[in-house]
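Novice: Chains as they are written, first to last, in this note's numbering: chain F, 1 to 381; chain G, 1 to 381.
Hint data in this document are derived by calculation from the structure and do not stem from the laboratory. Treat the hints with caution; some may be incorrect.
One copy or two, either will do: identical chains are not told apart, so a pair holds if it fits within one copy or between any two.
[To be verified] Pairs of lysine-lysine, DSS-like flavour, derived with a Cα cap of 25 Å:
| hint | residue 1 | residue 2 |
| --- | --- | --- |
| 1 | K103 | K146 |
| 2 | K367 | K103 |
| 3 | K351 | K126 |
| 4 | K344 | K2 |
| 5 | K2 | K332 |
| 6 | K381 | K2 |
| 7 | K344 | K69 |
Protein chains: 2
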Amino acid sequence: MKNYFSSNFRLGVLGGGQLGKMLLTETQKFDIYTVILDGAADAPCAQICNEFHQGSLMDFDTVYNFGKKVDLLTIEIEHVNIESLLKLEAEGLEIYPQPSVLKTIQHKGRQKDFFVENNIPTSPHKRFATLEELKNNTLQFPFVWKSAQFGYDGTGVKIVKNENDLNQLADTDCIVENLIPFKNELAVIVARNKSGEIKTYPVVEMEFHPEANQVEYVICPARISESVALKAREVALKVAEAFEHIGLLAVELFQTENDEIIVNEVAPRTHNSGHYSIEASYTSQFEQHVRSILNLPLGDPESKVAGIMVNLVGDEGFSGNVVYENMENILKMDGVTPHIYGKKETRPFRKMGHVTIVNNNLAEARKTAEIVKNTIRVISK
Amino acid sequence: MKNYFSSNFRLGVLGGGQLGKMLLTETQKFDIYTVILDGAADAPCAQICNEFHQGSLMDFDTVYNFGKKVDLLTIEIEHVNIESLLKLEAEGLEIYPQPSVLKTIQHKGRQKDFFVENNIPTSPHKRFATLEELKNNTLQFPFVWKSAQFGYDGTGVKIVKNENDLNQLADTDCIVENLIPFKNELAVIVARNKSGEIKTYPVVEMEFHPEANQVEYVICPARISESVALKAREVALKVAEAFEHIGLLAVELFQTENDEIIVNEVAPRTHNSGHYSIEASYTSQFEQHVRSILNLPLGDPESKVAGIMVNLVGDEGFSGNVVYENMENILKMDGVTPHIYGKKETRPFRKMGHVTIVNNNLAEARKTAEIVKNTIRVISK
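Please build the complete structure, drawing on both the sequences and the hints.
Specialist: What follows is the structure, given as C-alpha cells:
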C-alpha cells in the first residue's frame with residue numbers, strides 16, 4: 001500500500017461543489033492532501049481544501065495541467081474534459097473512475113447502448129442527433145426525452161405527452177425512452193476498488209418533487225420486500241461489474257409494476273441518494289469513495305440506523321443571499337442533522353443543502369422528515 | 001437566532017490542533033465561517049479553516065487582536081491568555097466557555113477549591129506554591145502530585161510513593177491529592193448552552209497506558225451498573241451547573257471501591273474521551289460544542305451503537321516523518337475508522353490520531369479494538 005496518510009501524496013479532484021466538500025471531510029479525517037479544480041472561485045471546496053485551483057473542467061489544457069500536479073485523479077462531477085483525461089492516463093496517471101467509463105456514462109446515448117450490449121435490463125430507447133431527426137421519427141406518446149449530455153438534477157429530462165410538447169424540447173443530441181409505469185424509484189450505490197473488491201449499499205427509495213423533478217426524500221432502507229431488494233442489489237452489482245469501474249457507481253433503478261428491476265441511469269461518483277450514509281452507515285459513501293479509488297479495503301456499507309434525506313432547495317420566489325429560516329426548530333428534533341453546502345446565493349430549486357434524519361425506527365424517521373421538510377425554509381433576505 | 005449559516009458571522013477558535021480540526025468538520029457541515037489562531041504554522045487546522053492566523057495563544061496582544069476580528073470566540077485548548085479574554089468580554093465579545101470559568105479550570109488548585117466550595121465530591125487536596133513549600137509539609141505517601149498549570153495528557157501528573165520520588169517533581173505551583181483506590185476511571189461530557197439547556201453524554205470508561213499515562217481505550221457505554229452510571233451523570237451535571245459554563249465540559253470521574261463517584265478533574269472543551277461520539281452518537285461532541293456555544297438547541301447525546309476509541313500514539317523508538325504501518329489491515333475490519341490528525345512528525349507517545357471501533361455489540365467492539373491496537377503501528381521511515 002502507498003503511504004497516503006500525512007504523506008506527500010497528492011489527491012486531485014475535478015469539481016469543488018457539495019460532493020467535493022463532503023469528500024473533503026473524509027480526506028481531512030485521513031489527512032490526505034487534496035487539491036481541487038473548479039470553475040468558480042467561491043466553490044464550496046475553495047477555502048477548505050489543501051490547495052485550490054480555479055479553471056474550467058471542460059477545458060483540455062486546464063484539466064491536463066491540473067492532472068500533471070497530482071498523483072491520482074478523481075472526479076465529483078462527470079462533466080469534465082475526457083480527452084485530457086485519456087492523455088493523462090496514457091502518460092501513466094491513475095484516474096478513477098477510469099476515463100473510458102466516464103466517457104460512456106457522460107453521454108446518455110452511449111450509456112444506454114452499453115446497458116443493451118451488456119444485457120442489463122433497461123427501458124427500450126432510441127438515439128437522435130438533433131430535434132429534427134427526432135421529429136421525423138414515428139413516436140409513441142407518452143415518452144421520456146433526455147438530453148444526451150449535461151443533464152443534471154432533472155434538467156435535460158422531460159416527459160413528452162403529445163405533439164405539442166415536442167416544441168419545448170431543446171435541439172440537441174438526445175435519447176427517447178419508453179415511459180415505463182413503475183411502483184418505486186430505487187437506487188443502489190456500488191463501490192469497487194482496483195483489486196476488484198466490490199460492495200453494494202442497501203437499497204434506497206426515492207421520492208421526487210413533482211414540479212422541480214428533484215429528489216425530495218431518500219429513504220434507507222427502501223420499504224420493499226427482501227426479494228426485490230436483493231434483485232436490485234444484484235442488478236446494480238452486475239452494472240458495476242460490466243463497467244469494471246473503480247470508485248463509486250450510483251445505479252438508479254425502477255421497480256416496475258411486475259416487480260422487475262430495470263436500470264434508469266448511472267452516475268460514476270458519490271450521489272445525492274447516498275447522503276443519508278454520512279449519519280446512518282458504518283462507512284459513508286464519501287469515505288467509501290476514498291477507499292475505493294486508493295485501492296484500500298472497502299468499509300462496511302450496512303446501516304447503524306434507518307436514515308432519511310431531505311434536500312434543501314431554494315424556495316420559489318427567493319433569489320439572493322440565503323437565509324435558512326426555522327433552523328433552530330429542526331435542530332430541536334432528535335436525530336436531525338442539516339448539511340449546508342456553502343452557496344451564498346439561493347435561487348428557486350437550487351440545491352443548497354440537505355438534512356438527514358436518523359432513527360432506530362424508520363416510520364419515526366419518516367414522520368420527523370416530513371416535519372423537517374414543512375418547517376425549514378430556504379429563503380433570502 | 002442569529003444567522004450563522006452561510007452568513008458573514010465569524011467564529012473564532014483559539015487553538016488549531018486535532019480538537020480544532022474535528023470541530024472544523026462540524027463548522028464546515030453548517031458552513032460557519034471559522035477563523036483559527038495557533039502558534040504553529042503547520043497546525044492541523046491551518047490549511048482547512050476559512051482563515052488562519054499564526055500567533056501565541058498565551059500572548060495578550062495576539063489573543064486580544066484576534067478576538068477583535070471575530071463575532072464569537074471559543075477555545076479548543078484551555079491554556080490561553082485569560083487577561084485578554086476578560087478584556088474582550090468586558091468590551092462585549094461573546095466568549096464560550098466564559099473566561100472566568102477558564103480561569104478557574106486552567107489552574108488545578110483553583111479548580112479543586114471550586115469543587116470543595118460547591119460540595120462536589122473530590123479527593124482531599126492541598127495547594128503549594130513551590131516544591132520547597134511542599135517538602136516542608138507533612139506528607140502521607142503515596143499521593144498524587146499535579147502541576148497546577150499546563151499539564152496535558154499525563155504530563156504534570158505523578159504518583160509519589162516515597163521521599164525519593166520527591167526529587168523527580170518540578171519546582172512549580174502544584175497540588176497534592178490523596179491517592180484514592182478506584183475501580184474505574186469514568187468520564188461524562190456535559191453540554192450546556194446560553195439558554196441553560198443541559199445534556200449529558202453516556203458514561204465512558206477509560207483505560208490508561210501504564211507507562212505513558214495516556215488513555216488507551218475509551219469504552220462507551222462504560223461496563224458499570226445503571227445506578228453507578230446514573231450517579232456519574234448526576235455528579236457531572238452538578239459540576240456543569242455549578243460552573244454555569246457554556247459549551248462542553250468533560251468531567252473525569254473515579255468510581256471508588258465503595259461505588260462512590262468523585263470528580264478527578266474537568267476540561268472545559270471537547271475531549272479525548274468523547275471522540276467515539278463521531279461515529280457512535282446521534283450528535284458528536286464536536287457538533288454539540290458548536291450548538292452549545294451558538295445557543296442552538298442541543299442535539300441527542302445518546303448512541304446509535306457501542307463505540308470504543310483507541311489512541312494512536314507514536315511508537316517508542318521512532319521520531320521523524322510518520323508512517324502508519326498496517327493501516328490496510330485495520331481498514332479491512334468492519335466498523336473501524338481511523339482519524340489521522342495531520343502531524344507530519346511522530347515522537348514516542350505523541351498523540352497522532354485515534355481509531356474508533358463501533359459495533360451493535362460492545363463485547364465484539366472490544367475484541368476488534370484490541371486487534372486494532374495490536375496491528376497498527378505509528379512509526380517513522
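Novice: Hint by hint, where does the structure go against what was stated? Just the numbers, ascending.
Specialist: 2 and 3
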